[in-house]
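**Student:** Can you make the complete structure from the sequences, with help from the hints?
There are 2 protein chains.
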Amino acid sequence: MDEPMDYASAGVDIDLEGSAVASLIGALSKSVRAPGSPGAPVDLPGGFGGLIEFGDNLLAMATDGVGSKLQIATSLKQWGGVGIDCMAMNVNDLLCVGAEPIAFVDYVAVPKPDPVIHAALGASLAEACRQARVTLAGGETASLPGIVTELDLSGTALGWLPKGEAITGEHLQAGDVLIGLPASGIHSNGYSLVRRIVEHAGLSYEDEAPFDPTHPHRELLRWTEGKATLGEVVLNPTRIYCDPVVDLLDAARGDASFSIENIHGICHITGGGLSNLLRLHDSLGWSIHTPLPVLPEFEWLQAAGKVETREMYRTFNMGTGMILAVAKEHATSILTWLEQRLPGTAVVGEVTDEGHRVSHAIEGVEFTHY
Amino acid sequence: MDEPMDYASAGVDIDLEGSAVASLIGALSKSVRAPGSPGAPVDLPGGFGGLIEFGDNLLAMATDGVGSKLQIATSLKQWGGVGIDCMAMNVNDLLCVGAEPIAFVDYVAVPKPDPVIHAALGASLAEACRQARVTLAGGETASLPGIVTELDLSGTALGWLPKGEAITGEHLQAGDVLIGLPASGIHSNGYSLVRRIVEHAGLSYEDEAPFDPTHPHRELLRWTEGKATLGEVVLNPTRIYCDPVVDLLDAARGDASFSIENIHGICHITGGGLSNLLRLHDSLGWSIHTPLPVLPEFEWLQAAGKVETREMYRTFNMGTGMILAVAKEHATSILTWLEQRLPGTAVVGEVTDEGHRVSHAIEGVEFTHY
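Top line first, the protein sequences correspond to chains A and B.
As numbered in numbering that gives the first Met the number 0, residues 0 to 369 make up the first sequence, in order.
As numbered in numbering that gives the first Met the number 0, residues 0 to 369 make up the second sequence, in order.
What the hints contain is simulated information worked out from the structure, not anything from laboratory work.
Among the hints, erroneous ones may be present.
Under the rule of at most 25 Å between Cα atoms (straight-line distance), these lysine-lysine pairs were calculated in the DSS-like manner [as the list claims (entries may be wrong)]:
no.	chain 1	residue 1	chain 2	residue 2
1	A	Lys111	B	Lys111
2	A	Lys76	A	Lys226
3	A	Lys162	B	Lys226
4	B	Lys76	B	Lys111
Covered by chain B, per the in silico footprint, the following chain A stretches (three or more residues, Cβ under 8 Å) [what the hints assert, rightly or not]:
no.	segment
5	34–42
6	65–77
7	138–152
Where a beta carbon is used, it is the ideal one built from N, C-alpha and C, also for glycine.
**Tutor:** Structure, rendered in structure tokens:
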């Protein structure tokens with residue numbers, strides 16, 4: 000195979016997924032809960048977290064799974080990070096609406112209960128709860144031998160925020176500064192392509208990584224001695240951004256020199272890569288003129304899979320796991336605040352009025368739809 | 000095969016599941032959220048729904064899936080009821096702590112997105128939201144061809160109640176009256192055994208039901224004309240008890256002749272059947288002296304599978320989907336209130352102080368552990 004690889008040829012049809020989800024959403028009628036009552040829906044652009052009313056507050060729910068990253072973890076019998084991935088995918092979505100995550104429930108589907116898997120998941124979820132500062136409020140383990148052939152793990156996070164303080168994107172404007180938060184690795188998206196490339200390269204996940212995985216501001220979760228294996232690099236858990244983002248929101252709602260109104264948008268860079276930015280606003284553009292350093296695993300994946308650059312940025316986070324759009328006049332103080340708590344955080348670009356488009360320092364990396 | 004069938008021989012090892020779940024829970028540390036802060040855990044016996052603090056209120060989360068009932072739905076390409084099953088399994092658990100369900104998120108895992116499945120799920124979830132009176136606050140569709148071979152569906156429900164008004168079981172006492180709410184069918188538990196028995200009987204789910212499925216106070220969700228098929232009977236959606244239980248709780252907290260303190264316990268009869276009652280209290284007993292009528296599908300399953308009577312009651316709801324334990328002096332008014340809204344509701348037994356034991360009008364149907 001010498002064709003360049005892409006996400007669709009790795010077995011994922013984003014358009015088909017979109018139309019399937021549209022079928023589901025199209026069948027849903029309006030909520031039966033009247034405006035003002037507990038549970039009444041609150042419409043927000045972007046749709047990272049579902050918001051509902053609750054008295055003087057809003058509650059937000061997010062649900063997501065770890066996806067095919069699990070298959071690598073299961074093949075290596077290393078589930079120590081997947082609870083963190085599961086937590087991260089959910090709580091990072093909640094942060095995007097300005098919510099503080101407070102509780103989490105997990106759903107585990109296995110062909111057969113396995114105390115070894117469950118003990119590892121328990122430890123991983125406990126660490127995830129610590130990092131995200133949430134209560135594990137429940138969970139379900141389903142034995143479904145006719146439906147799943149190996150572990151599936153998903154979860155739901157619950158968050159809250161004061162009414163009127165949601166981050167809605169309505170204050171976004173050209174000139175806003177984009178601040179990027181560094182990723183810890185591939186996070187939890189694009190693994191169909193990762194697996195395809197590793198297979199094509201004829202490597203085992205137990206092999207030493209065929210590149211130097213050293214990268215500033217990230218540590219690998221290790222289970223071997225010596226040089227890091229490819230498995231340790233690709234399974235490195237998704238960064239949970241509650242620290243520093245919840246504290247930033249608290250400070251902004253408190254006595255910091257910036258206020259919550261200065262934080263105009265927050266974007267979790269998941270499947271779709273930088274094109275996720277387009278979800279925040281209907282017409283504004285996004286110029287990533289100074290991207291964060293690309294993690295070495297992405298450089299290797301691109302070379303080994305001959306993946307086109309644009310496809311890389313459409314599939315992976317490429318080193319930036321979350322982007323905040325903030326008011327220009329407060330960007331320096333917000334950046335300083337964040338950078339002290341999460342080194343590697345930096346200005347990566349700005350909001351523009353040059354069309355509903357993401358552009359990038361690398362020519363050709365451009366997206367006009369999510 | 001002429002051995003009597005049971006749940007374990009159908010491939011479900013309840014003890015193994017218990018030890019796997021214990022491994023997971025054992026690895027969890029205490030919550031990082033301090034008492035009094037949003038999200039701090041609230042310990043309750045029974046564990047139907049996970050409760051957390053939220054100002055003057057409590058929030059409750061429940062997560063569960065439809066399980067192997069889905070395999071029958073998928074084999075028939077009839078997913079119209081499974082969204083209701085998914086909702087019911089979750090919101091009925093929330094009712095047990097006295098919470099009003101307000102929102103729901105679904106998690107769908109498929110080998111490949113399929114607009115037909117998703118449209119059916121969307122319609123089913125919309126009807127489920129209507130019946131449970133909740134907002135669908137989000138959802139996730141995961142394409143996991145390496146993990147699932149066919150549809151898996153689970154979800155998470157969120158509910159709330161005023162602080163200090165949780166149904167904790169602490170007021171339970173000998174003499175309390177047990178009120179049973181009728182089930183609509185097999186609900187969502189015991190399907191490994193159902194499938195085994197139907198296979199053993201050499202029947203197709205598209206065959207006419209080999210018994211008269213008529214039963215008072217339940218209607219079947221039909222997709223064929225003429226006599227009901229076996230598939231229509233076994234897939235009949237789980238009853239959602241929000242109506243009447245949420246209204247009962249509202250009335251009890253409002254101006255009814257009974258109060259919330261008179262409702263001592265609520266039990267969702269799921270996997271484990273009547274043994275679920277033991278989850279409500281550490282030492283009291285439960286005498287089911289006047290059970291609700293058994294649904295005809297259970298009689299047929301027992302005969303076709305030569306299942307022992309006790310095993311039937313340990314696996315299935317047998318016609319009673321939820322049981323309320325209420326103060327004796329208010330039992331008549333609560334029963335009258337419920338029976339007007341859900342015909343078929345009746346007194347089924349009483350709480351006793353004769354040991355931590357469920358006993359039943361049928362000799363031998365007795366449980367001493369969940």
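**Student:** The structure should be examined with respect to each hint, and the outcome stated for every one.
**Tutor:** Outcome of the hint check:
no., hint, in the structure
1, A:Lys111 with B:Lys111, "23 Å, holds"
2, A:Lys76 with A:Lys226, "19 Å, holds"
3, A:Lys162 with B:Lys226, "53 Å, violated"
4, B:Lys76 with B:Lys111, "15 Å, holds"
5, 34–42, "holds (count 4)"
6, 65–77, "holds (count 4)"
7, 138–152, "holds (count 14)"
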